[in-house]
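Taken in order, these protein sequences are the chains called A and B. Taken in order, the first sequence gives residues 1 to 346; the numbers are from the UniProt record's numbering. Taken in order, the second sequence gives residues 1 to 317; the numbers are from the UniProt record's numbering.
Calculated from the structure, these hints are not laboratory results. A hint or two may mislead.
Unchecked claim - If you want a taste of the chain B side facing chain A, the calculated C-beta under 7 Å gives, among others:
#, residue
1, Asn106
2, Asn214
3, Phe262
4, Leu263
To be verified - Calculated pairs, DSBU-like style, for lysine-lysine (alpha carbon to alpha carbon, straight line, at most 35 Å):
#, chain 1, residue 1, chain 2, residue 2
5, B, Lys93, A, Lys124
6, B, Lys93, A, Lys118
7, A, Lys32, A, Lys114
None of the values given here were measured: they were computed from a predicted structure. Quick reminder that beta carbons are idealized off the backbone N, C-alpha and C, glycines included.
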Amino acid sequence: MNMAFKKETFRDDYTFTNSPEAIRRFPFPFDKDEYMYSVNIEQHTKGVPGSVFENVIDLDEHYVAECEDRRITLEQDPDRCIALPHMMDAQWDMLELGMESLAQDFPEHFQLTKDGDKWHWINKPLGIDHTFIFGDLSTLPMEPFEFIGRQLQGDWVVMDQRDDDLFADMGIVTSQADWSLAFDAGMSFKEWHGPVPQANEMGIFERALKYLLHLQYGSPVRRLNWTMTVNPRLDTSPENYPVWGPDNVSVTADNVADKVFLRVELQTLFRLPRSNAMAFGIRGYLISVRDIATYPRWAKRLHRVMTNLHPDLSEYKGLTNYRQLVIDWLAPMDDGADIGEGTHPE
Amino acid sequence: MSVLNVTVANVEQITDVVKRFTFVQENGEALPKFSGGSHVVVSMNINGRTHRNPYSLMSSPANTESYQIAVRRQDNSRGGSVFMHEQVKPGTKLTITYPVNLFAINRLGKKHILVAGGIGITPFMSQIADLNRLGADYELHYAYRSAEHAAFRQELEALCGDRVHFYVEDDGSRIDFGDLLSHQPLGTHAYVCGPEPMVKLMLLTAKHLGWPSNHVHSEQFSAPPIGDEFTVILTESEKEIVVPGDMSMLEAMEEAGVDAPFLCRGGACGRCELEVVETDGALLHHDHYLSDAEKTAGNKILPCVSRAKCTRLVVNL
Chain A
1 MNMAFKKETF
11 RDDYTFTNSP
21 EAIRRFPFPF
31 DKDEYMYSVN
41 IEQHTKGVPG
51 SVFENVIDLD
61 EHYVAECEDR
71 RITLEQDPDR
81 CIALPHMMDA
91 QWDMLELGME
101 SLAQDFPEHF
111 QLTKDGDKWH
121 WINKPLGIDH
131 TFIFGDLSTL
141 PMEPFEFIGR
151 QLQGDWVVMD
161 QRDDDLFADM
171 GIVTSQADWS
181 LAFDAGMSFK
191 EWHGPVPQAN
201 EMGIFERALK
211 YLLHLQYGSP
221 VRRLNWTMTV
231 NPRLDTSPEN
241 YPVWGPDNVS
251 VTADNVADKV
261 FLRVELQTLF
271 RLPRSNAMAF
281 GIRGYLISVR
291 DIATYPRWAK
301 RLHRVMTNLH
311 PDLSEYKGLT
321 NYRQLVIDWL
331 APMDDGADIG
341 EGTHPE
Chain B
1 MSVLNVTVAN
11 VEQITDVVKR
21 FTFVQENGEA
31 LPKFSGGSHV
41 VVSMNINGRT
51 HRNPYSLMSS
61 PANTESYQIA
71 VRRQDNSRGG
81 SVFMHEQVKP
91 GTKLTITYPV
101 NLFAINRLGK
111 KHILVAGGIG
121 ITPFMSQIAD
131 LNRLGADYEL
141 HYAYRSAEHA
151 AFRQELEALC
161 GDRVHFYVED
171 DGSRIDFGDL
181 LSHQPLGTHA
191 YVCGPEPMVK
201 LMLLTAKHLG
211 WPSNHVHSEQ
221 FSAPPIGDEF
231 TVILTESEKE
241 IVVPGDMSML
251 EAMEEAGVDA
261 PFLCRGGACG
271 RCELEVVETD
281 GALLHHDHYL
291 SDAEKTAGNK
301 ILPCVSRAKC
311 TRLVVNL
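With these hints in hand, go ahead and build the complete structure from the sequences.
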């Protein structure tokens, strides 16, 4: 892959943009005109070349800038990376998962060579070249999970499995859609999902948990989730609500297409081998409403999904202030024609 | 489900009835990493039928150049263990699943009491390797019938030092669960694997002494028992399948080309659970997964080990 990493920001002056290629490969989540939760989990096998499903951990033009944004957030708030003491095996498991998959899928950017437990890791985009002993903390500049976490796009929560439940006992979370790792750390699967409307009544979490408890090493799975956000900001955390919260009321009919972003999460789940823990990757992709409308099919679809959205979901996802503005901006592009099922752009 | 193609590298006769098998990956690569207490499901082709039996990994998770399992010969069973004993030699090729852990150490435990009976020692051997590496506090209590049945005694002494305690039934030595479980510090977890009466006794004793249920762990794999023939009707795939007396329901469905879910095949994990729509007879539950209330209610069944005494059983699949 020939990839030019962009220099751009996700705060202050918000210089983030998507190239035409990034728009085309955007993981558009709506395959029907109406959206409701479902257990939309599928095997995380190699997908269509060029798509965000092509590799185990996707890498795109925003990699360097996202890692820099994470560095800034961690500098301001080191508690965005938490690992409880019993998660040390899981820390090494994560380091292995990150390094092995990046080196295998993007050899022009990452290299991993092993001589027994002696590992040599090269990350060219971030300028890292480090030799260490796998399993020996003293040979890394920081704990293994933070070391690899700072070199991955997207957030990671790693859950310990015990008592037929999953506990959020480790995580690096700097680009979350308004939830807090410090608040959720140590919580069980059901406690963590308590606030989600509609889904509990549907028995979704019970089924999802049972499925996840049986997830096997070597057979990862994925699903898409989505929300919307104002400005291409990664750190929409409760901790920093005063910084970004007021933006929610800054949307107008004139700026809606450029200020409102669809935020899609590619969620992946991996059983980790040594720790038997479960890694939950939450990789966010941002696209402005204007860029979505590059493809008329997507503009029609988004217009219908927004129009039909259940009020509880609109409230939970925080769209209520600007949903109508999005609908109004898209309305002229929707001729009402049947566009069939599927998420494809054309 | 991802599977691994392995070659048998070594077979050792440990006691009269126990053999240890060493597997290496056919492609020469190391096998996947795993956590102590994991098992794999071994596929065997016996007279044209596929048998799949779960076996705990007993080798150290620190070395995955090979995996080791131990198999106790069970003469009065459907033939999986006899096949392993008689047909599987160095060089035999087998298919196994990726490791799955249904018997993991609780990493928050302050102390771990491991109780093994007979061949039930195997999952603890990989757990002990992890506990030693983590520097955890543990005790192993290992009961077996007689000196001739003392599988792995020397290895365990080398692995555990003075943390291991042996109980030889023929010498009149038994584990006193009441004593063992009444003197443990707060935060202790207890684990048992062995014959059913032993597992039940420990679970009951722990309950009686007021142990929190989530601090007591057990693993039991059942083998599918032989029973009467019956017909299973699958509503979604619209199939009628005869389950012969010497096949499990899951095996009969697989034989008929149905892609049914499974994981442990020993009635322990619940992955293969099916919803029972109706039957004209009685369900015969042999699993360790469903609660007594669920078994009585009769609307769920684990086809890997359970069957029915009926002419027809309708399930949602």
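Evaluation of the provided hints:
At about 5 Å, the closest approach between the beta carbon of Asn106 (chain B) and any beta carbon in chain A falls short of 7 Å, and the interface hint on this residue holds. Interface restraint check: Asn214 (chain B) against chain A, minimum CB-CB distance 4 Å, threshold 7 Å, status holds. At its closest, the beta carbon of Phe262 (chain B) sits 10 Å from a beta carbon of chain A; the interface hint therefore is violated under the 7 Å criterion. Hint status for Leu263 (chain B) relative to chain A: holds, with the closest Cβ pair at about 6 Å, below 7 Å.
For the suggested pair Lys93 (chain B) and Lys124 (chain A), the alpha carbons sit about 42 Å apart, so the restraint of at most 35 Å is broken. Between Lys93 (chain B) and Lys118 (chain A) the CA atoms are separated by roughly 33 Å; this keeps the pair inside 35 Å, and the hint holds. Taking the CA atoms of Lys32 (chain A) and Lys114 (chain A), the gap is about 47 Å. The hint is violated against a cut of 35 Å.
In summary, the structure is inconsistent with hints 3, 5, 7 from the numbered list given earlier, while agreeing with the others.
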